[in-house]
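Colleague: Each chain, written out:
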Amino acid sequence: MSTPPAPAQSPSQTTQGKSKFSVFTIEECPACGQKTKRAFQVGDYITKDGAKCTKCGNTTRMTLIYAEPTVKAK
Amino acid sequence: MPTLANMTLQLGTDFNSILNIVWLLSFFVFIVYGQRIQIYIVANDISRALNRLKLMKDKSRKEAVDYFVASGKTTADPAAKIDEFLEYVTIMPVDLDPNGIVGKIEHITQTRDERVRSEVKRILPGAEPVKVSVAENILEIASSLNMIHKIVRHYYLLGKKTNSYILLVQLQMIMPQVLLEADALINAVDTFKLGQPVGDGIGPIIASKYMYGLPKQTVAKDTVMSVTEYKGRTLYVLKAEGPMGYVGEPGIGIQKVIEEMKIPLNAIIMVDAALKLEGEKTGDVAEGIGAAIGGIGTDKFRIEQVSSAHKVPVYAILVKQSILEAITVMRKDITDASDKVHKLIGDLIEEQTKEGDKVLLAGIGNSLGVGQ
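These protein sequence lines are chains A and B, in that order.
Position 33 (the first sequence) corresponds to 1494 in my numbering; numbering is contiguous.
Position 269 (the second sequence) corresponds to 305 in my numbering; numbering is contiguous.
Just to be clear, a hint being listed does not mean it is correct.
[Unchecked claim] Subject to a maximum C-alpha distance of 25 Å in a straight line, what follows is the list of computed BS3-like cross-link-like pairs (lysine-lysine): (1) A:K1496 <-> B:K376; (2) B:K376 <-> B:K267; (3) B:K317 <-> A:K1481; (4) B:K368 <-> A:K1509; (5) B:K98 <-> A:K1481; (6) A:K1509 <-> B:K98; (7) A:K1479 <-> B:K267.
Note that these hints are calculated values from the structure, not bench results.
Start from the sequences and build out the full structure, keeping to the hints where you can.
Modeller: Here's what the structure looks like:
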């Protein structure tokens, strides 16, 4: 699973309370099963068609959107 | 025998005597004015919290106005209309005679929801359904924060006006929890504006996996259902229509499936987010019996009524999370529970039903950012 860094100050960056989060979209190829993790973009939603699969060329599908903590404030 | 002059000299130079007088005076002051001093300290504490609530309330209002303006084509200045919404009240039915009260509550909440949606559509003519649903959710947040601020302010001012120490202390004691909920609400605004799935959406996410690529039918307002097959059983999968921020009407949907569509269900499995207790881990999965659904209680009532009338067992699968996690962007800890939930659903279907049976799987929660 490739993990490009999320660009700063984008829809994929969020602050909740004292913690900062990066939001990612997982695109999964229904044919070969390859998963790609990328920064969330406005308009993404689960089950939406994603980009072409880099391995087999099929259209991927967004299967998950979730946030992971980036910086934990003291 | 000491003379008067000697005594004055002794008192005047004895530091301990001065301390004694101060101590006695402070003792007297605290006995007479102790409660007033405490009222002052407690009221100051509440006042600081009230200021925080006011900031949150103002921020949520501004975010709502900004969202309406940014969503384009507003018919008029949305600020005035939003201010009207914030003061909008829902009068609950009389409960002196509780017979039939659920139907009355349902009617009132449905009327309110329809009114809010039609007003939002009027302010944002031609806006896509996702934007309308997000605007509804943001308005709901702003309205909740406005109400919290008003109630806290009311008791604070009443406590000060009547010099009621008990009232103020009670308010001070619950303020940390009130602020926690208000913090969760204000943090939810960004998530809704961006259309990201929230923690409460774990139920719809699970259901969407079974529905993808299948034909959908609307079984209740904002509620869709697909029919699939799972290990020889017919599986009816139901969720709120996404990617809009809807919660749907799963109670009416399930009732329709059983009573109008005459589908003889052998089991109902409900997947929902549940508030965790302090000390529990986010993403922990719990299994149980009964209707797993929150809200005001009307959907739960319908599901309990129809399932007990038709003797359909209801199984619940709950994914634990805090109030903040439930209404803000979906955390990885919560999505990590998906595999366990899918396994539990499979085990339940295989153990509690047999081939040829009909099972309904309901993914309960807000469908924002979750299609089907």
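Colleague: Hint by hint, say whether it matches the structure.
Modeller: Hints and how they fare:
| no. | hint | result |
| --- | --- | --- |
| 1 | A:K1496 <-> B:K376 | holds (20 Å) |
| 2 | B:K376 <-> B:K267 | holds (18 Å) |
| 3 | B:K317 <-> A:K1481 | holds (19 Å) |
| 4 | B:K368 <-> A:K1509 | holds (19 Å) |
| 5 | B:K98 <-> A:K1481 | holds (23 Å) |
| 6 | A:K1509 <-> B:K98 | violated (31 Å) |
| 7 | A:K1479 <-> B:K267 | violated (46 Å) |
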